[in-house]
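Enquirer: The chain contents come next:
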Amino acid sequence: MRFGVEFVPREDFWKIASYGIMAEKFGFDSIWVTHHFNNQDVYIILTTIANYTERILLGPGVTNPYLYNPVLNASALLSLDRVSGGRAMLGIGAGDRATLNCLGIEMKSPVSAVEESITIIRRLLAGETVSFDGEIFKIQGATLNIKANRDIPIYVGAQGPKMLEMAGRVGDGVLVNASHKRDLEYAVKQIKKGRGNRGEIDVSAFTCFSVDFDPIKARRAAEPIVAFIVAGSPKAVLERHDISQEDSETIRKFLERRKFKKAFESVTDQMMDCFSIYGTPADCLQRIEEISKLGVSQVVLGSPIGPNKKRSLEIVRDEIIGKVP
Amino acid sequence: MNNPLLVGEGVRNLEKIRTEKDLDKMCEEIAEGLSPEEKKAFADKLLGILLDSKTEARLDSRLARTILYLEAHDMLGSKFGVTQLIKASMILEPEKTIEAIEEVSETRKIISAPF
Numbered sequence: 001m002r003f004g005v006e007f008v009p010r011e012d013f014w015k016i017a018s019y020g021i022m023a024e025k026f027g028f029d030s031i032w033v034t035h036h037f038n039n040q041d042v043y044i045i046l047t048t049i050a051n052y053t054e055r056i057l058l059g060p061g062v063t064n065p066y067l068y069n070p071v072l073n074a075s076a077l078l079s080l081d082r083v084s085g086g087r088a089m090l091g092i093g094a095g096d097r098a099t100l101n102c103l104g105i106e107m108k109s110p111v112s113a114v115e116e117s118i119t120i121i122r123r124l125l126a127g128e129t130v131s132f133d134g135e136i137f138k139i140q141g142a143t144l145n146i147k148a149n150r151d152i153p154i155y156v157g158a159q160g161p162k163m164l165e166m167a168g169r170v171g172d173g174v175l176v177n178a179s180h181k182r183d184l185e186y187a188v189k190q191i192k193k194g195r196g197n198r199g200e201i202d203v204s205a206f207t208c209f210s211v212d213f214d215p216i217k218a219r220r221a222a223e224p225i226v227a228f229i230v231a232g233s234p235k236a237v238l239e240r241h242d243i244s245q246e247d248s249e250t251i252r253k254f255l256e257r258r259k260f261k262k263a264f265e266s267v268t269d270q271m272m273d274c275f276s277i278y279g280t281p282a283d284c285l286q287r288i289e290e291i292s293k294l295g296v297s298q299v300v301l302g303s304p305i306g307p308n309k310k311r312s313l314e315i316v317r318d319e320i321i322g323k324v325p
Numbered sequence: 001m002n003n004p005l006l007v008g009e010g011v012r013n014l015e016k017i018r019t020e021k022d023l024d025k026m027c028e029e030i031a032e033g034l035s036p037e038e039k040k041a042f043a044d045k046l047l048g049i050l051l052d053s054k055t056e057a058r059l060d061s062r063l064a065r066t067i068l069y070l071e072a073h074d075m076l077g078s079k080f081g082v083t084q085l086i087k088a089s090m091i092l093e094p095e096k097t098i099e100a101i102e103e104v105s106e107t108r109k110i111i112s113a114p115f
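Protein chains in written order, with the working numbering: chain A, 1 to 325; chain B, 1 to 115.
One should not assume that every hint holds.
Said to hold, decoys possible - List of simulated lysine-lysine pairs, DSS-like, C-alpha gap at most 25 Å:
| id | chain 1 | residue 1 | chain 2 | residue 2 |
| --- | --- | --- | --- | --- |
| 1 | B | LYS25 | A | LYS25 |
| 2 | A | LYS217 | A | LYS310 |
| 3 | A | LYS310 | B | LYS40 |
Simulated from the structure, these hints should not be mistaken for laboratory data.
Start from the sequences, fold in the hints, and give me the full structure.
Expert: Written out as structure tokens, the structure reads:
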């Protein structure tokens, strides 16, 4: 089992880079940096991490086709690959509706937008002059002055059935926003439907994660993230876990009114188990071992990682990495 | 050579810091007084203080990048590494840093005190 880690570029750049250095030294295989306009720029932070590391793979987790045009993503990715000595990866998904809404950006046909982006990016990186007349993107004779030295892997961030199927069809890997057996079994089934006979694809479980020797502290750290996940989950996902629309709505309304304490207190044990991996190292290891039997080859530890990031990364190093075949 | 007196001297000089040169001197005295193992542990503690800091104060980018370079090359536990870390954590979290320095100074006194 390989391990990735997610960082949100909201903290000072040097803190994120320090965690990135730790991640490499502690045996993580990949770093994924989130992409929202209201944080520091994803590619600048990735480049900063690249400048202080040697081996760990790095990429946006995930960018989207609306905030950055695929041509810009291709250029930035190529630059990152050069600076890092061939360690760039791309994670691309539909994007976050709440953040894109406030920019007046319509998330039109997200599955097509992501698929078209991937096509355009691959062709540009291969050195082609690209003309593309798609549903979302219209490009005439775009070319990059520098060609990529290698095939940069492209992971699709996916949760819904159509995105999962498309990911299987065109991606090198899939970042499935899930940690529960039910969601991952469903995802793997959809991915295989899209993949057909095209060979192996890297399926990664990208999950809210929180580890600490004190299970209560671990839970408290993850509750806010799970609250937002429950509030934003589609009906199909809630139904899969027997979580009522009403409970999701309750949390959503608390969050909208900024009554965060009430929102986090409304998160049940069931919700925690459905949408995160949390607890002591043994608790987390058990969950990851379950996941490893489902066709998942990488677990990406998403925010918060733990109540104290440095300590939690050290716990993962000592108690989890290398313990799952 | 490890010298517990230097760590203590550094702590006593905290109140006399007026300039960056004073700060550099204090940091060097403290780092000088620690054994390699103590430097490594102290560096780890200071890095933790820096990463946990939520203060409004901002670290100078050059100092931050120096620390990152040292971290990437496993040199935070060197004399120079500890000096830079003390400097940085005095900027962001002076009270916690002083506590950490006093703690390591007390530990040195306990270790070096005769039975």
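Enquirer: Against the structure shown, which of the earlier numbered hints fail to hold, in ascending order?
Expert: 1
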